[in-house]
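Peer 1: Starting from two chains that each stand alone, build the complex the way the hints lay out.
Line order of the protein sequences matches chains A and B. One point on numbering: in this note's numbering, the residue at position 272 of the first sequence is 409, and numbering is uninterrupted. One point on numbering: in this note's numbering, the residue at position 68 of the second sequence is 73, and numbering is uninterrupted.
The set of hints was computed from the structure by calculation and includes no laboratory data. Cβ atoms here follow ideal geometry from the backbone N, Cα and C, with glycine treated the same way. Keep in mind that a hint or two might mislead.
Quick partial rundown of chain A residues pointing at chain B, CB under 8 Å, derived from the structure [claimed, not checked]:
no.: 1; residue: I226
no.: 2; residue: Q229
no.: 3; residue: L230
no.: 4; residue: A241
no.: 5; residue: R254
no.: 6; residue: F368
no.: 7; residue: A369
no.: 8; residue: M376
no.: 9; residue: V406
So, partial list: chain A residues that the calculated Cβ filter (under 10 Å) puts toward chain B [stated by the list, open to error]:
no.: 10; residue: L233
no.: 11; residue: D234
no.: 12; residue: G238
no.: 13; residue: V248
no.: 14; residue: S405
no.: 15; residue: L410
Here are the chains, one letter per residue:
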Amino acid sequence: MFEHISTQLLFGQVLLGLINGSFYAMLSMGLAIIFGLMNVVNFAHGAQYMLGAFVAWILLTTLGIPYWGALFVAPVIVAIFGMAMERLILRQLQNLDHLYGLLATYAMVLVIEGLIRQQYGSTGIPYQNPIPGGVNLGFMFLPYYRLWVVVFSLVTCVGTWLLIEHTKLGAYLRAANEKPQIVEAFGINVPRMMTLTYAFGVGLAALSGVLAAPIYQVSPSMGSNVIIVVFAVVVIGGMGSIAGAVVAGYALGVVEGLTKVFYPEAASVVIFLFMAAALFFRPSGIFSGKEST
Amino acid sequence: MKPAHLALILGFAAALAAPFYFYPVLLMTILCFVVFACSFNLLLGYTGLLCFGHAMFFGTAAYMTGLALKTTGISVELAIAFGALVAGLLGLLVGYLAIRRQGIQFAMITLAFSQLVFFFLLQSEFTGGEDGMQSIPRTPLFGLVNVDDSFNYYYVILALTILAVAAYYRIVNSPYGEVLKAVRDNQQRVESLGFSPERVKLVAFVLSATMAGMAGGMKATVYQFATLTDASWQVSGEVIIMTLLGGLGTLSGPLFGAGIIIWLNDELAGFGEWALILQGAILLAVIIFFRRGFVGELSALFRWVARKRRGDGGTPPPVQEGATATGPG
Numbered sequence: 138m139f140e141h142i143s144t145q146l147l148f149g150q151v152l153l154g155l156i157n158g159s160f161y162a163m164l165s166m167g168l169a170i171i172f173g174l175m176n177v178v179n180f181a182h183g184a185q186y187m188l189g190a191f192v193a194w195i196l197l198t199t200l201g202i203p204y205w206g207a208l209f210v211a212p213v214i215v216a217i218f219g220m221a222m223e224r225l226i227l228r229q230l231q232n233l234d235h236l237y238g239l240l241a242t243y244a245m246v247l248v249i250e251g252l253i254r255q256q257y258g259s260t261g262i263p264y265q266n267p268i269p270g271g272v273n274l275g276f277m278f279l280p281y282y283r284l285w286v287v288v289f290s291l292v293t294c295v296g297t298w299l300l301i302e303h304t305k306l307g308a309y310l311r312a313a314n315e316k317p318q319i320v321e322a323f324g325i326n327v328p329r330m331m332t333l334t335y336a337f338g339v340g341l342a343a344l345s346g347v348l349a350a351p352i353y354q355v356s357p358s359m360g361s362n363v364i365i366v367v368f369a370v371v372v373i374g375g376m377g378s379i380a381g382a383v384v385a386g387y388a389l390g391v392v393e394g395l396t397k398v399f400y401p402e403a404a405s406v407v408i409f410l411f412m413a414a415a416l417f418f419r420p421s422g423i424f425s426g427k428e429s430t
Numbered sequence: 006m007k008p009a010h011l012a013l014i015l016g017f018a019a020a021l022a023a024p025f026y027f028y029p030v031l032l033m034t035i036l037c038f039v040v041f042a043c044s045f046n047l048l049l050g051y052t053g054l055l056c057f058g059h060a061m062f063f064g065t066a067a068y069m070t071g072l073a074l075k076t077t078g079i080s081v082e083l084a085i086a087f088g089a090l091v092a093g094l095l096g097l098l099v100g101y102l103a104i105r106r107q108g109i110q111f112a113m114i115t116l117a118f119s120q121l122v123f124f125f126l127l128q129s130e131f132t133g134g135e136d137g138m139q140s141i142p143r144t145p146l147f148g149l150v151n152v153d154d155s156f157n158y159y160y161v162i163l164a165l166t167i168l169a170v171a172a173y174y175r176i177v178n179s180p181y182g183e184v185l186k187a188v189r190d191n192q193q194r195v196e197s198l199g200f201s202p203e204r205v206k207l208v209a210f211v212l213s214a215t216m217a218g219m220a221g222g223m224k225a226t227v228y229q230f231a232t233l234t235d236a237s238w239q240v241s242g243e244v245i246i247m248t249l250l251g252g253l254g255t256l257s258g259p260l261f262g263a264g265i266i267i268w269l270n271d272e273l274a275g276f277g278e279w280a281l282i283l284q285g286a287i288l289l290a291v292i293i294f295f296r297r298g299f300v301g302e303l304s305a306l307f308r309w310v311a312r313k314r315r316g317d318g319g320t321p322p323p324v325q326e327g328a329t330a331t332g333p334g
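Bound conformation, chain B alone (with noise of 0.2 Å):
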């Protein structure tokens, strides 16, 4: 058995065994931003966009999640997909604008276009303003199942993460996947093999819009309120912490991300602005001294390691520059 799949089955069988051991509202956060990162490493780190606004998507659709529990009797995962399909057209118009200028502009623009949907649903009536969206009511599982307790609910929640995951890995490592990558290294190229790199990155786009807006939806039925703090710039900037500090491009980076930011936020819950000055610190230093993230550093160590057994070449490999650091994972 090859340890890539050793790790696998740990891996679930650890998932299934985690909330017999810790609080599975807590486990279940950690579950939905993990795929919140998933979306975002799909742009950041497979097609070099920097979406500086994807709490637009995660906010938007857990409002529409709420709004159709709290409206019509679907049930709970229909409810989540339309939230879904909602922050993708959502995506697909942000996206249609947002893709006409590259780079750094391109984060810029989507920041701002964050700033008008939440201004948006600040002032819009069903959002509940500044209250938020109170008491959305979990609706049985294919209309059948009943999830009202956290600890059954998880094990719904751990099986949209691995469907999204698995969508995630299936894209990523799709034709459409390797175009992506050729879209991030080099435009110009793609262009001239006849593709039309606007069109890709648009997908990608709307592909991680519509993920992120998952992950907002799982989690309006996880918490049962959506506040306009999911839609925040703030949480815009957690989403990217999260991933550079899992690694960028990696598989399994967001997974490490969204658990250790997710756990230290509420370790650091009752020590007022430390989470957030602690958050600012760890980014910096994955910036300037980890820039390939843990899941990248650890896999880099892992093979300098195995090459120092073997006895063949000595230094670690020099550190990819640029956004566009790959690793495996």
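One chain only, chain A, in its complex shape (with noise of 0.2 Å):
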């Protein structure tokens, strides 16, 4: 049935579902950071990703910064940002239902892209590729860009992991998360970790930010289209579970990039069938993470 398909077109597909795939997982693993222990749902995350887009754009627009040098300050500069979003506006909903964390980080979606819009137009603006060209794998041509940003999404997602589920300080925030008082009597000091958690995910999606700008072009709307992706990844890799979004991510870009070879009108909607097909089997999540209320 489907013997037309080349093989060209098939590892093309799933080479661009693993870039995609690369994408969700870092920003699913950004959520189920900041949602595992704050207990907040960063609606926020995708504006993040796009102001590390952005940002690195007007690093190297303005200063004349290149990518390499983006990759690092740009999280940086967004991490901050976030710092300030935390200490003024999650430190005061902190006490309240969860709902109120989700529909701030929203309120700041509002506020974020509606300024960036204004500034900077609605159209995508061109990042160039720092390392243009690629080599011929004979069954398909495979651009240098696209394997660093496999690798590098691969590695930080395990490094992340390993940093929070097999050190001390992951341990401590783990814990921080669920009895403040008891790790504040121990001395250490919780907002302040709190407020660094919240800047260590969102300079995750601001690094992940500066990976997707010469890929994609950097516009206004490059966040809000896929965190709604993400959010149904999280959903699927079960809430607050780390290895259940990393694998989520990289699986559904992949089935998203066979969809688009096998029935490419089904591609933008797939994510959202698999979320209903694992909800409707697994109530709880295919990795049962922590259960939220």
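Peer 2: Written out as structure tokens, the structure is:
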């Protein structure tokens, strides 16, 4: 039935799916960290991803800082902005129903996206590829930059997972969410840890944004387009489970890519359909993470 | 006569006189969103369910009402009812899956489903894709009364709004409404009393979806077109802002919330992105400082003033916390 599909197309789309999956994985990991440790669903995650790309572009055009510098500087700048958001807004809401955290971060999306759009317009801005060229693998052409994205995101995801699950710092973070009073009694500044956790998650989003800039165009709506898909990924992976978020991110990216080959009409909705199926068959999540209430 | 009755009569008189002084289309838009915000308040304010994709019902019904009017000759009120019915069925399907998860995940899941519906509408033939569904005819009311003129049609929309708000009032104040509030406040207790919280929530979800669909169908007949915007997450967010701004779990809150936001959108229409930026700022201010919303804060102020006059009690009542803030109104 599918003989007419060339290997070129098939592998090309799988690679594209792996690229999208890299961004889904990094973003849903950031969401899972912020949710798992702070009980905030960070709706602004997409906007912060978009800010990462914009800051990289602004650094390049105004200060001449190239991609490799922006990869480090832009996440730090956006993370500092995230710290301010946590201090000024999220801190006021931490004892309320979790829905308020979601709504407050949604409000931030409207403000951030609106201001960026007002300032820079709605059209996408191209960002130059820092590693042009590629290698011909025989069955397909592999651009170097895409290879870099997949490798870099894998390293970031595994590194973050190790940091949170297998270090003392990670143990403190998880304990601070479960029993803040006890952790404070050990002399640890829990509010500051929360601020840094949020900043770390925001920095991860911005890092993904810089990584995405040369592949997708830099545009104000790039964040809101992806965040809803990432929400579905997190629901499938199980809320608050970092490993679940990462695995589901890559897997669903590839599934989306394969759908583009075999049934292109459904490509934009296949992840949502997976979510519906997951809810139907596994109501508590495929990788059973922490259940929220 | 009680003050509440007087306010009701004055409000009704003002609604009857309004199109003589204001642009009828703007007034009708406000009324459509009043119905939409009521449907949303029924879920979040009274049941404690945050649906972040309510525009899927609004938008789907707008297209369905438009489709019915374009392809059949049925009268306008039946077409709106058809749109509401389809939205209710969609609500049954989505609600069946979404209520398996609670709280914050329910919000994320409904948002994802609304995006699924959005893409479906985008790719379907009958919706006209990016262009939207144009030139929807406004057939005579009951097959008899010509309502082509916006001034006349305003009174039809007003009647439908009163009908919807009355139904909303009836639901909230019925024994079933009490069960809804009980599910919101203490689900385990409700379960131990022999009710099925899932079932109560699903019924509320379907009722709310139907009412949101009615609002969408009304809007499609007012503007005589339906677009993808009606089903977008931005509109889902807008109805949340309206409801919170008006006052969560209040009866007249949706009226004020929808009125203020639609009026602001209209005033700021020529200023680029500032309408959205302001909406975000309003939502932030409401969440941080005025969680009871316009009606809730106002009635708290009145109660405080009244108590001051009587000379007992000095401080205003503390802000109720959580998504469960209730107020009269």
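Peer 1: For each hint, tell me whether it holds in the structure or not.
Peer 2: Taking the hints in turn, this is what the structure says about them:
Restraint check, I226/A versus chain B: the minimum CB separation of about 7 Å is within 8 Å; hint holds. The interface hint given for Q229/A is met, as the beta carbon of that residue sits about 5 Å from the closest beta carbon of chain B, less than 8 Å. Taking 8 Å as the C-beta cut-off, the interface hint given for L230/A holds, the closest approach to chain B being about 7 Å. Look at A241/A: its Cβ gets to within about 5 Å of chain B, closer than 8 Å, so that hint holds up.
Taken as an interface hint, R254/A checks out: its beta carbon lies about 5 Å from the nearest beta carbon of chain B, inside 8 Å. Because the closest C-beta pair between F368/A and chain B is about 4 Å apart, less than 8 Å, the hint holds. Checking A369/A against chain B: minimum C-beta separation of about 4 Å stays under 8 Å; hint holds. Because the closest C-beta pair between M376/A and chain B is about 6 Å apart, less than 8 Å, the hint holds.
Evaluation of the V406/A hint against chain B yields a held restraint, the C-beta minimum of about 5 Å falling below 8 Å. With a least beta-carbon distance of about 5 Å to chain B, the hint placing L233/A at the interface is held under the 10 Å criterion. Given the 10 Å rule on beta carbons, the hint for D234/A holds: about 4 Å separates it from the nearest Cβ of chain B. For G238/A, the shortest C-beta to C-beta distance to chain B is roughly 8 Å, which falls under 10 Å, so the interface hint holds.
The beta carbon of V248/A is positioned within 10 Å of a beta carbon in chain B (closest approach about 4 Å), and the interface hint is therefore held. The closest approach between the C-beta of S405/A and any C-beta of chain B is roughly 5 Å, which is under the 10 Å cut-off, so the hint is satisfied. Because the smallest distance between the Cβ of L410/A and any Cβ of chain B comes to about 7 Å, under 10 Å, the interface hint for this residue holds.
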